[in-house]
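Peer 1: Listed below, chain by chain, are the residues.
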Amino acid sequence: MTHAPGLAERLAEVVGPRGVLQRPGELVVYRSDGLPGYSKQPRLAVFPRTRDELVAVVRLLAEHSVPFVPRGAGTGLSGGALADDVVLVGLNRLTRILSIDPVERVAVVEPGVVNVALTRAATPYGLHYAPDPSSQAACTIGGNVAENAGGPHCLKYGVTLNHVRAVTAILPDGEIVRLGSSEGEVEGYDLLGAFIGSEGCFGIALDVTVRLSPNPQAIRTLLADFTSVDAAARATSEIIASGIVPAALEMMDGATIRAVEASIYAAGYPVDAEAILLIELDGLEAGLEADVARVEGMCSAAGARMVRVARDDAERARLWQGRKKAFGAMGRISSHLVVQDAVIPRTRLPDVLAVIREIAERQRITVCNVFHAGDGNLHPNIGYDANDPDEQARVHAAMREIMATCVAAGGTITGEHGIGLDKLDYMNLIFSEESLAAMCRLREVFDPARRANPGKVVPVHSCREWHGAPRAAWTA
Amino acid sequence: MTVPASAASSPAVSQKASPSTAPSSPPLRPGSTADVREIVGDAIARKAPVRIVGRGTWLDAGRPVEAAGELWLDRLTGIVDYTPGDLTLTARAGTTLAEIARATAEHGQWLALEPWGSDDGSLGATAATATAGPMSGTLGTPRDVVIGIEAVVGSGELVRGGGRVVKNVAGFDLTRLMVGAWGTLGILTEVSVRLRGLPEREVTLALPLPNALAPLAELVTRLRSAPIAPLGIEMVSARLAARLGVGQQAVVIARLAGNADAVSAQRAALGTFGEMSDVPDSVWTAIRTAEPAEATVVRFSSTVARFPEVWLAADRLAATGDGYAHASVLRSSARVVLPHNEGAPPDAALQLLRGTIRDTRIFERLPAALWPVLAPSRATDRLSGGVRAAFDPHRLLNRGILGETHA
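Heads up: the sequence lines are chains A and B, in that order. Residue 87 in the working numbering sits at position 87 of the first sequence, and the numbers go up by one each step. Here the working numbering runs 1000 ahead of the position in the second sequence, where the first position is 1.
Calculated directly from the structure, the hints in this document are not laboratory data. What you are looking at is a predicted structure, and each value in this text was computed from that prediction instead of being measured. We treat Cβ as the ideally placed atom computed from N, Cα and C, and that holds for glycine. Among the hints, erroneous ones may be present.
DEER-style ranges, computed between Cβ atoms [claimed, not checked]:
(1) B/Pro1393 to A/Ser300: 55 to 63 Å
(2) B/Gly1274 to A/Gln321: 44 to 52 Å
(3) B/Glu1342 to A/Thr123: 33 to 41 Å
(4) B/Leu1213 to A/Asn215: 25 to 33 Å
Covered stretches of chain B (in silico footprint by chain A; criterion: 3 or more residues with CB under 8 Å from a CB of chain A, positions within the stretch not fixed) [as the list claims (entries may be wrong)]:
(5) 1134-1146
(6) 1259-1267
Where chain A lies over chain B, by a calculated footprint (3+ residues, C-beta under 8 Å) [as the list claims (entries may be wrong)]:
(7) 1085-1097
(8) 1164-1174
(9) 1227-1236
Using the sequences provided together with the hints, build the complete structure.
Peer 2: Below, the structure written as structure tokens:
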């Protein structure tokens, strides 16, 4: 079967012939995102270069009743940006920072602006964009908005949701709406809040107005080294319960430490440790040392062998690079890596981590933990060989058990990666059919035809009056 | 509005309902989520709109409501889950803020919302109205602090959004949608929030507030970039300052917190601004509860750049209407309280409201007759209408409070 008659040609009229890809070979790179194990081939991919082109593309797709999947940098970890035989709308060419206003402390950006590029542009004003996913060197603001992305520093500063003031969005039917305001408060429903984290199902952001945060006066980065994961987990719970809010509080287990230290990202972590905590405290210079001393004391009391404070910016950057590139470093261990995501109440860290270890042993798989301990956001990462069906089956069984364990502990199935395709089967672990149906109705307010990112986030069977994927409308 | 025979005989419903649809029908006082569900089911069957009363505070906030009966949530109370080490808490919607403050203070923690009004108000109403008090510039509004909700929506289903953990992106965000919806999508029955550790120390300091634009703008700019980490910075008009006992002139008061070293450094930093005085911490509660029983309350939300100008206009409006004004420097938002004289603010103040102040303004309280004149509905766009229809298709819940004229 070929594409719908005329659609590719009409899209090419909008974005130019080089902005439309439809040969299988050209589309290979778009078959997957950052999560292995899924491969979906888009029917075609279209790459608008300007806002006007994007608007024209979306309206053309609406005119043809064609389903589509928006995609930023494709760094997502839930399969959310995969287009299964539908149109993929690539936003990575819309990379303009439209304005930075140091007085209002806001920036207006196109959806394809890379996260770290925004912070770099804000640096001359003493400002930064706070949400910092590990993929920040590649991921886009539009993708961050779609996923409500987090990152290590969200512990103190909040996730994407807390840093977006307004979005101009184009709805799947082509209507342009303004959600939120950069001029002040708006009355009425928090449609902006609903849009953020809607995983590309509610429309596409044409521009995003984000809050920029002043750089802290002072920063201290601590490395605490433990001989057991349990001790590090107890230290984490102690620090959180103390009321001190670190800027970040990250944990890495022994397997992760050794993978990082064997890689080009070696950060000087102690390779004989079974866990480290990377703790960052920031704020006013005055009083910071007292908080550092308290945190050091809590780590030592929980059994830390050593707590060291980074001496300078270079050492601090090195400690962070090891953490942020840990996923890359794990590539040395195995051919495929599932970066998992779940959240538990912070007091449950020691026992849930122990259960995960037990699951890994029983299923004979390798789990490395590198995660946002401070907000209970686990990333149990499983390295495996996707070409080994037996191992793949055990990985899936373990994953399901891990999710069930986190839910049973009072947690949730994703803290920052989203549901996408990967977590669809777990949605009914935490939401009733009634809640899922309510989510379907919300989606239909934004996209009555359900053409935007079809088949993601809410399981199809939860949507009443579901007519099946609307694909038939344009293949016939 | 009535309840089904089965519910009318149950102890969950306080008074036996009459078949009348007159607003004078006895209030319903459910004691459980199941009761709320039953009541909504009954309202759907009878097409009888319901006013959600909560604990009965702030009843004149928001536009007039058309209803056949009142639903109180003052029996739907109690903390459901509180593990101090997690810094999260879940409580039934009718639980007072005072009860939550007591429970959390025992563990050196607090629910850092401190909304307008007293702590007799409920957690559910705070979430439903998303009211943001003087600390919200730093500590967030209910939209930032609420992490999960349970609600009976207008179509009768029981839905949950979010959860009890501090980070959660599972599914579409029903929590954000319900918080600030003023009950028009669903009746909140349970709310989960994040808590904070109480600051080790805090101090509140007052500085004189200039009343000319240039020095005012300079002060605001300096405050925003000073080496301080305030929980709140509030400008207070002269009349309010007098009521609060902090002098006869307009002041700006700052709440500074942290450990001992941090607080003394901040005090020193603020000392460079001018003649500074200590103010008791209780001033923050006094500001929240200063509003008279009958008043018009309007909020002006602006950009940082225009904020000094907006403050001066708000202060002028307050003086014209024999009322007072206060404003959050960190949110660039001013609030004017105009006491009523024979049911309305003075004519001179109304004139000003009608004509001269054009910034983003949001009315909180207003005489019933003035709502359509001064505050046309803000929720008439297609998406808002669609959301309402998706959750409350019969427009049974708090009908009219957001002013929407069609669903």
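Peer 1: It remains to establish, for every hint, whether it holds in the given structure.
Peer 2: Hints and how they fare:
For the hinted restraint 55 to 63 Å between B/Pro1393 and A/Ser300, the CB-CB distance of approximately 59 Å keeps it satisfied. At roughly 45 Å, the beta carbons of B/Gly1274 and A/Gln321 sit within the given window of 44 to 52 Å. Between B/Glu1342 and A/Thr123 the beta carbon distance is about 58 Å. The supplied range of 33 to 41 Å is therefore violated. Between B/Leu1213 and A/Asn215 the C-beta distance comes to about 30 Å, which sits within the given range of 25 to 33 Å.
Counting residues of the region 1134-1146 of chain B whose beta carbon lies closer than 8 Å to any beta carbon of chain A gives 3, which reaches the threshold of three, so the coverage claim holds. Given a C-beta distance limit of less than 8 Å, the hint that chain A covers the region 1259-1267 of chain B holds, as 8 residues qualify and 3 suffice. For the region 1085-1097 of chain B, the stated coverage by chain A is satisfied: 4 residues place a CB nearer than 8 Å to a CB of that chain, which reaches the threshold of 3. Look at the region 1164-1174 of chain B against chain A: 11 of its residues bring a Cβ nearer than 8 Å to a Cβ of that chain, three or more, so the hint holds.
Coverage of the region 1227-1236 of chain B by chain A holds in this model, with 3 residues showing a Cβ closer than 8 Å to a Cβ of that chain against a need of three.
When the structure is compared with the earlier hints, a violation turns up for hint 3 alone.
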